[in-house]
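> Protein sequences appear in the order of chains A and B.
Numbering (my numbering) for the first sequence: 1 to 297.
Numbering (my numbering) for the second sequence: 298 to 570.
I should point out that these hints are in silico values taken from the structure, not numbers from a laboratory.
Do not take every clue at face value.
[Unchecked claim] Estimated spans, in silico, between C-beta atoms of each pair:
#1 Ser-374/B / Gly-50/A: 39 to 47 angstroms
#2 Ser-433/B / Val-289/A: 24 to 32 angstroms
#3 Ala-93/A / Arg-399/B: 40 to 48 angstroms
#4 Leu-546/B / Trp-262/A: 32 to 40 angstroms
#5 Ser-433/B / Gly-243/A: 29 to 37 angstroms
[As the list claims (entries may be wrong)] Example chain A residues on the side facing chain B (calculated, C-beta under 10 angstroms, incomplete):
#6 Ala-8
#7 Leu-24
#8 Tyr-109
#9 Thr-120
#10 Leu-121
#11 Phe-260
[Said to hold, decoys possible] One-sided and incomplete, this derived list gives chain B residues near chain A with beta-carbon spacing under 8 angstroms:
#12 Ala-314
#13 Leu-367
#14 Leu-371
#15 Phe-504
#16 Met-505
Since this is a predicted model, take the numbers as computed values, not measurements.
Just so you know, even glycine gets a beta-carbon here, dropped at the ideal spot from N, CA and C.
Here's the letter readout for the chains.
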Amino acid sequence: MRSVRGEARAAWGLLAPALAAIALFFALPVVGGLILSFTDFDLYAIADPGNARFVGLANYVGLLRDPLFWKALGNTLLLVGLGVPLSMGVALAGALLVNSPLARLRAVYRTIFFAPVVTTLVAAAVVWRYLYHPRFGLINRALEACGLPTVDWLGNPRWAMVAITLMAVWRAFGYSLVIFVAGLQAIPGSLYEAARLDGAGGWQIFTRITLPQLRGTMFFVAILTTVGFFQIFAEPYVMTRGGPLNATLSIALLMYQQGFRWWNMGRASAIAFVLFGLILTVSVAQALVRRRQEGGR
Amino acid sequence: MSRRWRAVALNLALAGAALATLAPLVWMVSASFMQSGEANTLPPPLVPARPTLAQYTELFARLRLGRAFLNSLLLSSAITAISLLCNSMAGYAFAKLRFRGRDRLFGLLLLTLVVPPQVGVLPLFLELRALGLVNSYGGVLVAGIATVFGIFLVRQFAQSIPDEVLDAARVDGASEWRIYRSIVLPLLRPILVTLGVFTFLSAWNDFMWPLIVLTDQAKYTLPVALANLAGEHVQDTELMMAGAVVTVLPVLLVFLFLQRYYLDGILAGSVKE
Numbered sequence: 001m002r003s004v005r006g007e008a009r010a011a012w013g014l015l016a017p018a019l020a021a022i023a024l025f026f027a028l029p030v031v032g033g034l035i036l037s038f039t040d041f042d043l044y045a046i047a048d049p050g051n052a053r054f055v056g057l058a059n060y061v062g063l064l065r066d067p068l069f070w071k072a073l074g075n076t077l078l079l080v081g082l083g084v085p086l087s088m089g090v091a092l093a094g095a096l097l098v099n100s101p102l103a104r105l106r107a108v109y110r111t112i113f114f115a116p117v118v119t120t121l122v123a124a125a126v127v128w129r130y131l132y133h134p135r136f137g138l139i140n141r142a143l144e145a146c147g148l149p150t151v152d153w154l155g156n157p158r159w160a161m162v163a164i165t166l167m168a169v170w171r172a173f174g175y176s177l178v179i180f181v182a183g184l185q186a187i188p189g190s191l192y193e194a195a196r197l198d199g200a201g202g203w204q205i206f207t208r209i210t211l212p213q214l215r216g217t218m219f220f221v222a223i224l225t226t227v228g229f230f231q232i233f234a235e236p237y238v239m240t241r242g243g244p245l246n247a248t249l250s251i252a253l254l255m256y257q258q259g260f261r262w263w264n265m266g267r268a269s270a271i272a273f274v275l276f277g278l279i280l281t282v283s284v285a286q287a288l289v290r291r292r293q294e295g296g297r
Numbered sequence: 298m299s300r301r302w303r304a305v306a307l308n309l310a311l312a313g314a315a316l317a318t319l320a321p322l323v324w325m326v327s328a329s330f331m332q333s334g335e336a337n338t339l340p341p342p343l344v345p346a347r348p349t350l351a352q353y354t355e356l357f358a359r360l361r362l363g364r365a366f367l368n369s370l371l372l373s374s375a376i377t378a379i380s381l382l383c384n385s386m387a388g389y390a391f392a393k394l395r396f397r398g399r400d401r402l403f404g405l406l407l408l409t410l411v412v413p414p415q416v417g418v419l420p421l422f423l424e425l426r427a428l429g430l431v432n433s434y435g436g437v438l439v440a441g442i443a444t445v446f447g448i449f450l451v452r453q454f455a456q457s458i459p460d461e462v463l464d465a466a467r468v469d470g471a472s473e474w475r476i477y478r479s480i481v482l483p484l485l486r487p488i489l490v491t492l493g494v495f496t497f498l499s500a501w502n503d504f505m506w507p508l509i510v511l512t513d514q515a516k517y518t519l520p521v522a523l524a525n526l527a528g529e530h531v532q533d534t535e536l537m538m539a540g541a542v543v544t545v546l547p548v549l550l551v552f553l554f555l556q557r558y559y560l561d562g563i564l565a566g567s568v569k570e
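Build the full structure now, drawing on both the sequences and the hints.
Here it is in structure tokens:
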């Protein structure tokens, strides 16, 4: 017979491996990271943890005074500010095309647009490094063929972050596109028919029906994309190592360099928590905007 | 514009976008069959003049990329198998078994999804160092034993299992473990395929954690080995493209054959409660 106590015992038995792993290798490190960020844990402390001292907020204050941190923050915000709208715009445009009743071979296109998402990031970064080559790269050759001026994409500090952003958009938009297509398909066809009967044009239908109906999906995709772009690490690591002149140093890359090249683990943990705070703030802000929109309707 | 011309324009736009999306991958494959130095001539060729396997031979015979390939394959498979087991057990328990604090505990787990992985990376490294797991396959593995996303996905799916099936088995005297093993697990198959594809691809593509935990070149996974090579062989375009092909091909194939399951996972993950 069904015994409640037996069921509970079985439940804990089944949960034990997953919960233990999450507690040991996720929760504990996160709490440890917070503590670490209030210490001066460095190379000497790795040899003997007794060498680490509690320094309060010194790591966070130090970051505010560090020009390199502001540089990395600026770079990351540029990446997010440029990459998120671009990625979402491309994804939405692509989704509208794929979802159009006039489109052929829809499944094939969906697969093609999704391929960059599953492409190993490091491999993609290696390929794009050569695509961006000022002399032999395909991108500059294409610009030249169109009669446009060429750009030293990864060598020029003014363009390097843009180059990284474009590559990240190429890799990310397919994911959002698939979600947008599902969102578009969930819009009831009767809404479109009614609008057409009222004599609405294509643009009116897009702004009055498609976009409002897609709001929930847009919100989800926006959060997902923002979080992803904030964490960018492998692209600059492989393509530029953060250069030239730290123009592509992202916050995650700065954290890695501080932590695992210079072994400033206390300071690196502070950087990680600043990144966490940023992501949380932006996500909450997006959620508030969404709630306001819903209330206003 | 007539409907016909609109259809032509739309399909041309789609084809153009698809071509632009695929161009980097197509060029990668093409350049990997070129002779050394061929890609860096003017005007840069799009297809190899005399296709050669020299770059691949170099990778496997001299640079021993085969070892990294094997490391990646074994680690990704192990992570997939272990996490499927742990996540399916936990997801089923959260969906179907009653115990005190169940929903609160699950809510707590969902909350951890907002924490970016970077936050735990440094202390985890120190923890593994204390456990003697740095520079070991085990060190790479621990970060993937169980995932909240996986538990969430299984739970969503397991909720559709009828209670009557489980109760009937209990009446027949089956133990709870037996019920999970012989009744629940087969019913979960579709979602486990989805989660398996998802896990394998992310484990294969993972970069930051293996880069941190592995120091010995013989233990490198493919992405780490490739990034390392990319630093040493900046000028060898064709060689690096071959390395990129070797790294990307397995995941692209897995995706092509199992994409239905993979896309299912993405859409299931995007369902709002």
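> Have a go at the Leu-371/B hint: is there a Cβ in chain A nearer than 8 angstroms to its own Cβ?
Check failed: Cβ of Leu-371/B comes no nearer than 17 angstroms to chain A, outside 8 angstroms.
> Taking the CB of Ala-93/A and the CB of Arg-399/B, does the distance hold inside 40 to 48 angstroms?
holds, 44 angstroms
> Does the nearest C-beta of chain B fall within a distance shorter than 10 angstroms of the C-beta of Phe-260/A?
holds, 6 angstroms
> State, for the Cβ atoms of Ser-433/B and Gly-243/A, whether the hinted interval 29 to 37 angstroms holds or is violated.
Roughly 32 angstroms apart at Cβ, these two residues keep to the hinted range, so it holds.
> Can you tell me whether the CB distance of Ser-433/B to Val-289/A sits inside 24 to 32 angstroms?
Because 46 angstroms falls outside the window, the suggested range is violated.
> Measuring from the C-beta of Leu-367/B to each C-beta in chain A, is the shortest one below 8 angstroms?
violated, 16 angstroms
> Against chain B, with CB atoms and a cut of 10 angstroms, does the hint on Thr-120/A hold up?
Holds. Min distance 5 angstroms.
> Double-check Phe-504/B for me: the hint is only fine if its C-beta lies closer than 8 angstroms to a C-beta in chain A.
holds, 5 angstroms
> Holds or violated: Leu-24/A as interface residue toward chain B, Cβ cutoff 10 angstroms?
Interface hint status for Leu-24/A: holds (8 angstroms vs cutoff 10 angstroms).
> Can we keep the Tyr-109/A interface hint, with Cβ of chain B closer than 10 angstroms?
holds, 6 angstroms
> Any CB of chain A closer than 8 angstroms to the CB of Ala-314/B?
Status holds, d = 6 angstroms.
> Just tell me: holds or violated, for the beta carbon distance of Leu-546/B and Trp-262/A against 32 to 40 angstroms?
holds, 36 angstroms
Checked against the numbered hints listed earlier, the structure breaks hints 2, 13, 14; every other hint is satisfied.
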